[in-house]
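Engineer: So the chains spell out like this:
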Amino acid sequence: MKTYRIHALVCAGTQCLAAGGNGFKDALVEELKQHGLTEEVLIVETGCMGSCQLGPRMVVYPEGIMYTRLSPEDAKEIVEEDFLKGRPVTRLLWKQDEKQFLTLHETPFFAKQTRIVLRNCGFINPEDITECIAQGGYESLARCITEMTPKDVIKIIKDSGLRGRGGAGFPTGLKWELANKQISDTKYIICNADEGDPGAYMNRSVLEGDPHSVLEGMAIAGYAVGAQKGFIYIRAEYPLAIKRLEIAIKQARMSGLLGKGILGTNFSFDVELRMGAGAFVCGEETALINSTEGKRGEPRKKPPYPVESGLFGKPTVINNVETLANVSVIIEKGADFFRQFGTDKSPGTKAFSLVGKVNIAGLIEVPLGTPLRTIVFDIGGGIPEGHTFKAAQTGGPSGGVIPAKHLDIPMDYENLPQLGAIMGSGGLIVMDETSCMVDVAKFFLKFTVDESCGKCVPCREGTRQMLNILEKITSGLGTMEDLDLLEKLGNVIKQTSLCGLGQTAPNPVLSTLRHFRDEYIAHVKDKVCPANVCSMKAKK
Amino acid sequence: MEKIKSIDELRRLKEQSQAFLKTRQKDVKVKIYISVDKEENTNASRDVLLAVLDELKERDFSDFQIIEKAPMGSDIKEPFMALERDDLVIYYSNITPNMAREIIVSHAIKGQIVSDWVSKRSNL
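Same order as they appear, the protein sequences are chains A and B.
For the first sequence, the working numbering assigns the number 1 to the initial residue and increments by one for each residue that follows.
For the second sequence, the working numbering assigns the number 1001 to the initial residue and increments by one for each residue that follows.
Treat the hints with care, as some may be off.
[Stated by the list, open to error] With a cut-off of at most 35 angstroms between alpha-carbon atoms, the simulated DSBU-like pairs for lysine-lysine come out as follows:
hint, chain 1, residue 1, chain 2, residue 2
1, A, Lys76, B, Lys1031
2, A, Lys95, B, Lys1003
3, B, Lys1077, B, Lys1057
4, A, Lys112, B, Lys1057
5, A, Lys76, B, Lys1069
[Stated by the list, open to error] According to the in silico footprint, chain B covers these stretches of chain A (three or more CB under 8 angstroms from chain B):
hint, stretch
6, 58–64
7, 84–90
8, 135–141
9, 243–256
Bear in mind the hints are in silico, worked out from the structure with no lab data behind them.
Beta carbons are placed, not taken as given, at the ideal position from N, Cα and C, and that holds for glycine.
Using the sequences provided together with the hints, build the complete structure.
Structural biologist: This is the structure we're talking about:
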């Protein structure tokens, strides 16, 4: 077996590539050739390492030295100083609060994280199944199909308390049990990879960095419910995730870990990709089913629920990427291990894409119940350029805002709804005092108006009317009655819309009205935008 | 890429693949520290490093990590090599590539310290 004294892990997640990561990698390859080190140094392209703001990034093992904000010009110095002389290039190390950090795990950004879902992201080559197997990949599937009954598998998942990470938080084990009980010759597993919230990229990062964890979770789900076929519904705007999934599926089939008679057993399971055209509504499970069937992506009435009658009218389990990435760890380490993290009702961890007005934006994973303050200030390093925290938006266009006075709220499925916010899939947008909350609400509502499929009146017409009112208010033409009307209309839309998109679309407006009503009043009565964002046509 | 036909085959493949990832892992059997050349035109430490790599490859031993170290002080003459194994660090100083090869075979792989060449030892 060939061994290398240095493994140089270059982040090849979308963010680092967008920041010029390929240019650095190409320069590094060239320098290694020039210095005759190609037999000593292995370059590994990984998925997202987190801390995306500091990309392009590289971690050099065995010491785990982490380099940030790399450019092609840095490659020569790293090779000559670090690879040949063992001297870290200090100017490229992570610097924060006047301190310099040599390795990844010393940084506050990583020290307060718990990585279950992201365990392999940034550590393995996602295009090499053997690296995944080295980390225990597919061993849980092997155990399930050789040592456990489907009911044993469901019991562990139920005992773990794993809840769907797509937003609603429905208990995964219960969903599997309901599907298992359905009598049908055909059942399906669908992985919902239609991540569409603005600013959210947790699922894309898992698929780019550790696609096999999702394939394994799907196969285990298939075994538990009696399905032999799975689909991954992924938006076409994720080309890198699609490429890595295609490679992973091919390698898993060639290795006998997908397909007929997996590991010599009677269990067969295979996975196909279905590319979505990027409609936000297709993240809603029944619209997703329609789209997977080749129909227009519009939601269906429930009941019947997908576990009863889903894809092609057959019982179907739909799980989110992050949910499925948790499964093999729970099987491997047990329900009690999983319950060590998080809270009693929200066990485990949650991945967030921490973006917006925060010093260190990036992909993070923390135990559920972690206070928002810890996420924004300890992990994210606080608010840049002397500004102050104003609010955080969770759940994207379906969620709500958390104001500064609730910074200590535990981030879990129980506490967020009490403030009118939701967990959502994990998009977390931080705002400072320069953000106008009326404008923020308008931004998210405009998004849902654009993305409404138009099938039901409350969503199609109601959100449009709400947007018209917000446009009036941000132009300085609003009245106090408009605020009451927004609330009334929002509540009607929530109660009467056909699917989750419409039922949650008013949330950003309702939650900003609840927590920042004074800002709305300033726009209406004083004809002033306190954050100086809205172009008020009518001055007082 | 051959089909894996049983859970035992999967576990064997896992063990083999883990060996490849040793450079990235926290726990390895042997950590080998090797000095770096101070002067641009000298290759003494580099020659030791290449000999070590060659010997490890020859012996198909993968449970190791190599870490380059700056000079250690006057009592450890370069080129030097230090081996961390079984909670003990043994320093060998003023070594040649051939000595390095013998240290790898005796100490790193078999666990037998080459006493004649030891210049310092310390517990972890």
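Engineer: Look at each hint and say if it fits the structure.
Structural biologist: Checked hints:
1. A:Lys76 / B:Lys1031: holds, 27 angstroms
2. A:Lys95 / B:Lys1003: violated, 47 angstroms
3. B:Lys1077 / B:Lys1057: holds, 26 angstroms
4. A:Lys112 / B:Lys1057: Between A:Lys112 and B:Lys1057 the Cα gap is close to 39 angstroms, so the pair fails against 35 angstroms, i.e. violated.
5. A:Lys76 / B:Lys1069: Measuring from Cα to Cα gives roughly 20 angstroms; hence the hint holds.
6. 58–64: holds (count 3)
7. 84–90: Holds, because 4 residues of the stretch 84–90 of chain A bring their Cβ atoms closer than 8 angstroms to Cβ atoms of chain B.
8. 135–141: holds (count 4)
9. 243–256: holds (count 4)
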